[in-house]
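Number 239 in this note's numbering belongs to position 239 of the sequence shown; there are no gaps in the numbering.
Source of the hints: derived by calculation from the structure; they are not laboratory data. Only a predicted model underlies this, so the values are computations on that prediction, with no experimental measurement involved. Just so it is clear, CB atoms sit at the ideal spot from N, CA and C, and this is done for glycine as well. Do not rely on the hints blindly, as some may be mistaken.
[To be verified] Beta-carbon label-pair distances, calculated as ranges:
#1 Ser279 <-> Leu98: 39 to 45 angstroms
#2 Gly335 <-> Ala176: 19 to 25 angstroms
#3 Gln228 <-> Gly335: 18 to 24 angstroms
#4 Ser279 <-> Ile177: 25 to 31 angstroms
#5 Arg288 <-> Glu93: 34 to 40 angstroms
#6 Leu182 <-> Arg120: 37 to 43 angstroms
#7 Ala175 <-> Leu92: 47 to 53 angstroms
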Amino acid sequence: MAAGDIRVAVDRAPDRRASGPMRGAARALWRWLVAIVLLRSGALRRRGRPLPGEVDPSERHAGAARGADLAVVVLLLATALLAACFAALFVLEPDTQLLGLALGLALGALAAALIVAGRRLVPQETKVEERPALARPDQLAPAAEQLRAGAEGITRRRLLGAAAGAAGAGIAAAAAIPVAALGPGITDQLSRTPWRAGRRLVDEGGTPVAALEVRTGSFLTAFPEGAQQDDLGAAVVVVRVDPAMLRLPAPRAGWAPEGILAYSKICTHAACAISLYRSPLNPSTESRGPALVCPCHFSTFDVLEAGRVEFGPAGRPLPQLPLAIDAAGVLRAAGSLSDAVGPAWWGDRR
């Protein structure tokens with residue numbers, strides 16, 4: 001090594017100014033991560049001591065709000081009344097819109113009663129506690145006492161109980177009565193009429209109708225003797241035609257003695273009363289033949305062909321009553337009507 005050419009290797013410390021900002025950012029990120037982990041694990045919470053600002057949410061308010069008990073009673077009684085209306089409508093007037101309205105209002109009133117009772121009647125309590133299983137019998141008494149405390153502040157308990165019972169009975173009836181719709185139809189009851197074999201035909205005043213009184217080209221209304229004249233199946237229309245013009249089915253060949261026929265007076269479209277009789281007088285219209293006409297929607301029934309629907313919205317022929325003439329010349333029923341009385345749609349469910 002030459003003299004004077006002396007080189008000394010000196011270790012140079014790293015430049016901290018270049019790496020300082022990066023290290024500071026790393027340390028700050030680490031502190032945030034540790035803080036988040038500690039907060040998530042609950043390490044900052046001291047056992048038995050709430051954090052600053054934490055409050056106990058437990059509270060209890062006993063005593064019903066003014067008028068709340070009467071409001072619940074009114075709503076429960078409304079529930080019972082509306083449910084009873086549903087049951088009555090189902091039997092008397094089973095209109096789907098009315099049924100839906102009655103049942104919907106009944107359930108709405110019941111829901112409102114439960115809401116008012118839950119918010120304004122029973123004690124309101126907010127409590128945070130653990131409820132371990134009752135492992136010992138001596139813990140049953142405190143639990144029962146807590147249950148009894150749930151009724152604290154409720155007045156008129158008997159009235160509320162009676163109203164709740166009425167509402168429950170009404171809802172039960174509303175739910176049970178539709179079960180009847182799953183059984184046999186009630187159209188069998190509609191086919192029952194007061195007409196029986198041998199029963200005399202009488203007019204509105206109760207006078208027996210003689211065969212000679214029924215003239216061609218006219219008609220009259222008759223009823224079964226001794227029956228209620230407002231019965232749906234009671235009234236019949238009696239007409240006389242030329243026996244040679246009749247086109248009755250073979251089983252009904254003897255149902256029109258001397259050309260006298262009787263049909264139900266109730267139209268098979270909408271249950272209107274038939275009050276018009278078409279009896280052609282002009283030779284140009286005789287081809288259409290005599291017919292009974294309903295004035296509501298002009299359903300027309302051919303009397304020569306067993307009440308067949310000739311025109312209009314009626315869904316089936318008029319029920320025919322078989323007739324006979326007794327020794328005194330009085331008209332009598334030879335049996336019951338051929339079909340159920342009333343609109344055709346009464347038998348649709350069959």
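So, going through the hints one by one against the coordinates:
no. : hint                                  : in the structure
1   : Ser279 <-> Leu98: 39 to 45 angstroms  : holds (42 angstroms)
2   : Gly335 <-> Ala176: 19 to 25 angstroms : violated (39 angstroms)
3   : Gln228 <-> Gly335: 18 to 24 angstroms : holds (20 angstroms)
4   : Ser279 <-> Ile177: 25 to 31 angstroms : violated (49 angstroms)
5   : Arg288 <-> Glu93: 34 to 40 angstroms  : holds (39 angstroms)
6   : Leu182 <-> Arg120: 37 to 43 angstroms : holds (40 angstroms)
7   : Ala175 <-> Leu92: 47 to 53 angstroms  : violated (18 angstroms)
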